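> Residues per chain, in single letters:
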Amino acid sequence: MSDLLKPHEDRFFDPDPTVRRFARDLYNKVKNWPIISPHGHTEPSWFSENKPFSDPTALILIPDHYIFRMLFSQGISMESLGVPTIDGGVVEQDHRKIWQLFADHFYLFAGTPTAAWLSHEFYEVFGIAEKLTSKSAMAIYEHIDSQLKKPEFLPRAILERFKIELLSTTDPAESELEHHKTMRDSDWSGRIIPAFRPDGVTDISRPDWQNNLAKLAATTGMEIDSFDRFIQALEQQRHFFKTMGATSTDHGVLTPYTCELSRNEAENIFQKACAGTADKTDALKFTAHMLMEMARMSVDDGLVMQIHAGSFRNHNQAVFKRFGADKGADIPQKTEYTKNLHALLNKFGNNINFNLILFTLDESTYSRELAPLAGHYPAVKLGPPWWFHDSIEGMKRCRERTIETAGFYNTAGFNDDTRALLSIPARHDLARRVDCNFLAGLVARHQIGFEEAEELIGELTHGLVKKAYKLEKF
Amino acid sequence: MSDLLKPHEDRFFDPDPTVRRFARDLYNKVKNWPIISPHGHTEPSWFSENKPFSDPTALILIPDHYIFRMLFSQGISMESLGVPTIDGGVVEQDHRKIWQLFADHFYLFAGTPTAAWLSHEFYEVFGIAEKLTSKSAMAIYEHIDSQLKKPEFLPRAILERFKIELLSTTDPAESELEHHKTMRDSDWSGRIIPAFRPDGVTDISRPDWQNNLAKLAATTGMEIDSFDRFIQALEQQRHFFKTMGATSTDHGVLTPYTCELSRNEAENIFQKACAGTADKTDALKFTAHMLMEMARMSVDDGLVMQIHAGSFRNHNQAVFKRFGADKGADIPQKTEYTKNLHALLNKFGNNINFNLILFTLDESTYSRELAPLAGHYPAVKLGPPWWFHDSIEGMKRCRERTIETAGFYNTAGFNDDTRALLSIPARHDLARRVDCNFLAGLVARHQIGFEEAEELIGELTHGLVKKAYKLEKF
Amino acid sequence: MSDLLKPHEDRFFDPDPTVRRFARDLYNKVKNWPIISPHGHTEPSWFSENKPFSDPTALILIPDHYIFRMLFSQGISMESLGVPTIDGGVVEQDHRKIWQLFADHFYLFAGTPTAAWLSHEFYEVFGIAEKLTSKSAMAIYEHIDSQLKKPEFLPRAILERFKIELLSTTDPAESELEHHKTMRDSDWSGRIIPAFRPDGVTDISRPDWQNNLAKLAATTGMEIDSFDRFIQALEQQRHFFKTMGATSTDHGVLTPYTCELSRNEAENIFQKACAGTADKTDALKFTAHMLMEMARMSVDDGLVMQIHAGSFRNHNQAVFKRFGADKGADIPQKTEYTKNLHALLNKFGNNINFNLILFTLDESTYSRELAPLAGHYPAVKLGPPWWFHDSIEGMKRCRERTIETAGFYNTAGFNDDTRALLSIPARHDLARRVDCNFLAGLVARHQIGFEEAEELIGELTHGLVKKAYKLEKF
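Chains as they are written, first to last, in the working numbering: chain A, 10 to 483; chain B, 10 to 483; chain C, 10 to 483.
The hints are simulated quantities; they were obtained by calculation from the structure and are not laboratory data.
Treat each hint with caution, since some may be false.
All copies of an identical chain are treated as equivalent in the list; a pair is satisfied when it fits inside any one copy or across any two copies.
[What the hints assert, rightly or not] Heads up, simulated DSS-like pairs for lysine-lysine below, C-alpha to C-alpha not over 27 Å straight-line:
no.: 1; residue 1: Lys144; residue 2: Lys476
no.: 2; residue 1: Lys38; residue 2: Lys140
no.: 3; residue 1: Lys405; residue 2: Lys251
no.: 4; residue 1: Lys343; residue 2: Lys405
no.: 5; residue 1: Lys336; residue 2: Lys356
no.: 6; residue 1: Lys330; residue 2: Lys348
no.: 7; residue 1: Lys348; residue 2: Lys289
no.: 8; residue 1: Lys356; residue 2: Lys330
no.: 9; residue 1: Lys158; residue 2: Lys60
no.: 10; residue 1: Lys356; residue 2: Lys289
no.: 11; residue 1: Lys336; residue 2: Lys289
no.: 12; residue 1: Lys348; residue 2: Lys336
no.: 13; residue 1: Lys343; residue 2: Lys294
no.: 14; residue 1: Lys330; residue 2: Lys15
no.: 15; residue 1: Lys251; residue 2: Lys190
no.: 16; residue 1: Lys289; residue 2: Lys190
no.: 17; residue 1: Lys343; residue 2: Lys289
no.: 18; residue 1: Lys294; residue 2: Lys348
no.: 19; residue 1: Lys172; residue 2: Lys40
no.: 20; residue 1: Lys140; residue 2: Lys106
Fair warning: this is a prediction, and the values are worked out from it, not measured in the lab.
Throw the hints in and build the complete structure from the sequences for me.
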């Protein structure tokens with residue numbers, strides 16, 4: 010991996026000289042443009058409190074399920090990686106020891122986007138010109154650790170240094186957005202906006218549903234004892250999120266099934282859920298109906314609606330019971346959009362002020378369902394490749410399978426969708442490079458002209474993101 | 010897009026110099042070969058009446074759902090594009106204004122096959138060496154408009170100029186083929202043949218089924234009051250179509266499900282359909298049985314059977330109610346062939362005189378189902394990439410995923426499948442280029458020899474088309 | 010095909026000079042490494058008896074369904090190819106005539122892996138520098154025929170010449186492994202090991218189930234009159250296979266559905282199967298439960314578990330009735346892993362000594378299900394592209410869609426999975442070339458360094474195979 014000490018300036022570009030030259034020229038245009046991050050999972054508290062990050066392992070490794078799932082898959086226990094247990098059971102506390110274990114197994118990431126992001130991050134953020142190996146592990150740890158103590162590595166300073174012009178967090182519907190309030194009331198000029206994610210209160214099959222509902226009641230000051238009041242509370246919170254800068258909502262569902270219930274049916278299921286007697290079918294119908302309600306509200310209040318569908322969450326029950334959610338054990342499953350979104354699109358899909366951004370983990374839907382939907386319905390936009398597919402080959406497949414049908418202008422640019430703050434520039438840089446390379450291929454095959462490619466790379470980097478997420482005013 | 014003023018002579022070829030050289034050499038062999046178009050949707054009346062086309066907007070834009078769906082997806086109403094409504098409600102009538110709107114948004118097509126076809130068409134058919142933009146819109150309109158008034162732009166002259174050796178239309182089972190008759194009786198030497206498409210009378214769930222059946226009765230002069238008479242009427246019409254030159258039938262189905270009913274069951278469902286009491290399950294079974302009947306008839310009369318499966322028609326009900334079918338709102342859905350075709354293939358698949366050409370909108374079936382079926386059953390041939398997949402990347406995926414299993418010789422060459430007459434040479438040219446490029450890649454990677462590639466490009470361009478569609482006698 | 014007389018030394022490599030140079034350098038490292046073949050279908054009797062093969066047609070054509078299915082798909086009867094019928098009905102016996110027919114149609118294989126393997130085999134094994142055509146057919150036949158009579162073409166000599174360090178056969182659970190015993194007791198040093206394949210006794214829907222069970226009883230000397238005894242008999246045979254060198258089991262299932270039955274339910278179904286009254290649902294449940302039992306036993310005895318799922322066997326019933334199984338009429342169908350393997354993985358997937366190697370014919374599962382499962386569960390490893398996908402493009406797709414999520418180290422290297430003995434070196438050579446080319450692409454795009462690629466090609470060729478199949482001790 011010695012060649013990777015410094016990430017190569019032509020990395021991820023096609024080796025063909027014609028393609029590479031065009032790719033480089035396009036990349037030079039956008040490489041220094043600010044970052045717009047319209048969807049992600051960083052913690053608002055980092056920026057409101059602006060405290061230093063504790064150490065490399067706590068910042069880079071322990072919260073990143075991309076990293077520890079790979080180590081786990083090779084027989085390394087999560088305990089030895091310091092991943093905290095739910096019941097507070099003992100796990101490794103020595104962060105240097107954990108870092109060493111990580112470095113000993115860094116070769117496992119060869120060919121993965123995680124390796125690409127980390128190389129970029131080590132070099133660009135920390136100036137590390139040495140490869141992470143068993144031998145270099147401790148020197149690198151100490152180097153990063155000492156950097157993190159400097160003022161220029163405080164969260165707000167990092168944001169500014171990364172030229173992140175706008176960053177959206179993702180926040181539960183019942184949130185009081187206290188950190189966002191603090192930031193708003195401060196004199197800091199960074200733009201951190203919330204996004205409204207109501208899954209905790211719209212998915213009645215979740216064990217924490219009643220708790221979440223109670224929080225929603227507390228936050229809104231409403232007694233939520235009926236479906237109508239539930240809807241009012243959600244509308245009120247959406248309004249509140251908007252006043253705090255939100256431009257979008259986000260919906261994580263197993264299936265994008267949509268279906269309109271009568272007011273009576275909805276009330277009925279809601280009451281069963283309150284009584285703890287709702288079953289699986291109730292939950293499926295309720296989520297399907299709530300997607301309809303959310304689309305209706307989006308048509309009313311203008312918030313952009315994102316649907317992230319198709320992840321079988323917490324597939325590994327032993328891991329879930331011991332360590333909780335988001336531990337690298339979410340496995341995609343087949344997902345269907347054409348029939349499932351029929352109800353929603355027939356009611357709201359022709360509304361030209363409604364933006365519905367679709368994400369998938371099932372790549373077979375790109376050319377079969379998503380591109381045709383985006384290439385017809387005014388409301389539908391294609392989100393960027395998500396999660397496992399946020400990778401060089403994943404992005405390539407997405408472009409190759411969707412652009413010919415949907416065109417570039419029905420897509421939504423890039424999201425980093427990450428909780429790994431330090432990887433944000435690496436992820437945007439990789440996406441820009443892959444887009445430049447894709448466009449360069451079109452130019453080299455004489456499908457578009459170079460000037461057209463220049464226009465398009467600007468759109469993919471900024472224009473389409475702002476339009477899809479209604480960020481033009483920023 | 011300035012480079013596109015004149016379509017580049019190496020367009021769509023790989024930029025690698027080795028591949029490009031082989032591709033160019035192969036292309037030079039077939040670029041001027043006549044066009045054989047064994048499946049498409051042009052209007053027979055154009056050629057029987059041979060009247061001039063009215064204007065650019067009416068010819069190029071209004072009938073082409075590839076174009077207006079993309080504009081619609083970006084919020085431009087179909088009314089403003091002059092798409093006629095069913096009830097005659099007012100839509101834009103100023104064809105210059107519509108053309109301007111189209112030109113203003115032509116950038117939306119960057120990277121789509123529509124852009125590639127239109128560039129070719131503008132340059133090759135009309136000699137336009139200017140890019141379609143807001144500014145050039147009217148000059149281009151006037152230029153095309155004046156050309157269309159010349160005798161060399163009459164439909165028959167266009168066909169001859171395009172070197173279209175044979176063109177198949179697609180005609181309802183109940184058709185009297187009056188335009189085909191007129192052409193046959195004329196002294197014109199053009200070869201326009203019909204294809205037998207019985208969906209209107211085999212899909213009992215269609216609202217127009219009874220009407221279509223009544224027309225079939227009128228055309229055949231039979232009283233169709235039983236399933237047996239229905240079958241006889243179809244057999245009679247197939248015979249009639251054959252006498253008019255047809256070599257194929259075509260079946261558009263949501264699913265390729267096949268299943269043999271007893272004569273009693275079939276009769277039963279037919280009577281329910283006549284009485285207007287058949288339900289969805291009846292319709293599914295009836296279509297499944299009719300595919301069996303059609304295969305049986307093909308074995309008897311030698312007509313090649315085409316199945317186009319997997320499109321959820323008229324997904325957008327508001328558009329359907331206002332503008333009718335074929336308005337860019339047909340969305341593919343998951344399609345299954347292995348189990349669904351089991352009945353049909355077990356009864357007729359080993360018959361070496363039966364040609365069954367399969368088409369899909371679900372690319373996940375290429376390597377999983379279609380190539381293995383074509384690589385085993387004597388009757389099965391793979392149709393070319395269909396509709397959304399009739400594109401550079403779409404064709405590449407199809408070849409990459411099917412040839413290694415099915416070989417080239419179980420495929421059926423190219424279809425343009427279009428109602429856009431002027432785009433026919435562009436579509437065949439694009440397909441020839443992509444095939445040359447695919448073969449060039451095999452040569453460059455030493456998988457086949459150049460002489461073998463030369464043989465194969467001839468087969469893909471003419472030989473396999475003639476064989477699959479039984480056009481050898483032409 | 011004249012260029013193919015001698016397979017080109019750079020075959021299957023990308024034509025781009027940068028990629029090709031790296032690919033060649035990587036290939037030079039491993040091209041002469043011995044072959045490890047951990048999964049395949051050669052006959053153990055060949056090596057225990059070491060008799061000469063009879064003639065080219067009997068060795069190369071008649072047993073290879075890759076070859077005769079392609080000829081059959083083009084209307085050539087299996088009878089004329091000498092494929093034996095079940096009832097001994099007359100088929101062509103003149104092997105020269107059959108070979109001629111094959112040669113006449115060899116052009117059908119252009120672009121298929123069969124053509125690539127045969128070119129390699131003809132040149133490298135038999136020194137044939139002439140293309141197989143109608144004209145050369147007989148000369149080539151005579152040449153191969155005379156070679157096969159030489160001592161260096163006896164089965165053991167072939168194995169040694171091919172540098173096959175280890176070869177696994179696949180053997181029914183009820184086998185006495187007599188040929189393996191003979192080899193063990195001989196002084197021959199070749200390593201032929203069995204693999205335990207219990208489908209014949211775990212799939213109660215098979216017509217030969219009761220026969221197979223009776224054989225299992227005979228082999229084990231047990232009276233198998235209860236489910237518990239059945240389990241004991243299997244455990245005993247697994248132990249016996251291990252003593253004969255087996256390191257793995259193999260399970261061919263239509264669906265990888267797993268589900269634990271109670272002891273009572275299992276007993277119940279087993280008794281129904283013995284009485285011949287079990288239905289389809291019973292069979293589905295029983296297979297699902299037996300996969301759980303097999304995983305449990307693997308955790309206990311350490312045998313690696315392989316699952317090959319998704320083939321609709323004997324799709325063409327006429328062919329099956331006349332010629333039996335494995336006649337090129339097995340067609341893949343959609344396969345689901347995420348939900349189906351949930352029970353098995355939740356019980357055994359976190360066990361770090363359990364190796365579960367998954368194979369698929371449904372490529373849509375690569376990125377959606379298999380790579381995420383392998384990238385999380387310690388037990389799961391990805392098998393190489395199987396059957397139709399054991400090809401240049403198939404391998405490329407597999408790497409492109411899985412490595413970014415699963416990494417290289419959760420994969421299992423290459424299997425040839427063949428009964429075509431002479432094609433083994435050709436298949437391993439092709440796989441090594443495609444892997445070198447894939448790694449070369451990563452190097453050329455600066456995703457990995459060249460030294461890292463060198464390490465990885467060693468792992469893909471030997472290291473990962475040995476680890477996944479627990480062959481380290483060899």
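> Would you mind marking each hint as holding or not holding in the structure?
Quick rundown of the hints versus the structure:
1. Lys144 / Lys476: between (48 Å within a copy, 25 Å between copies)
2. Lys38 / Lys140: between (30 Å within a copy, 24 Å between copies)
3. Lys405 / Lys251: neither (35 Å within a copy, 45 Å between copies)
4. Lys343 / Lys405: both (21 Å within a copy, 23 Å between copies)
5. Lys336 / Lys356: between (37 Å within a copy, 18 Å between copies)
6. Lys330 / Lys348: between (35 Å within a copy, 19 Å between copies)
7. Lys348 / Lys289: The answer is both: 20 Å in one copy and 16 Å across copies each meet 27 Å.
8. Lys356 / Lys330: Classified as between; 14 Å across copies, 40 Å inside a copy.
9. Lys158 / Lys60: within (10 Å within a copy, 76 Å between copies)
10. Lys356 / Lys289: This pair counts as both: shortest intra-copy Cα distance 25 Å, inter-copy 24 Å.
11. Lys336 / Lys289: within (24 Å within a copy, 38 Å between copies)
12. Lys348 / Lys336: Only across copies: Lys348 and Lys336 sit 18 Å apart there, 31 Å inside one copy, limit 27 Å.
13. Lys343 / Lys294: Cα proximity of Lys343 and Lys294: in one copy and across copies (19 Å, 22 Å).
14. Lys330 / Lys15: Classified as neither: same-chain Cα gap 41 Å, cross-chain 60 Å, threshold 27 Å.
15. Lys251 / Lys190: within (12 Å within a copy, 67 Å between copies)
16. Lys289 / Lys190: Result: close neither inside a copy nor across copies, 37 Å intra and 55 Å inter.
17. Lys343 / Lys289: both (19 Å within a copy, 25 Å between copies)
18. Lys294 / Lys348: Answer is both; intra-copy 15 Å and inter-copy 21 Å each pass.
19. Lys172 / Lys40: Classified as within; 11 Å inside a copy, 49 Å across copies.
20. Lys140 / Lys106: This pair counts as within: shortest intra-copy Cα distance 18 Å, inter-copy 62 Å.
Hint compliance for this structure: hints 3, 14 and 16 are broken, all remaining hints hold.
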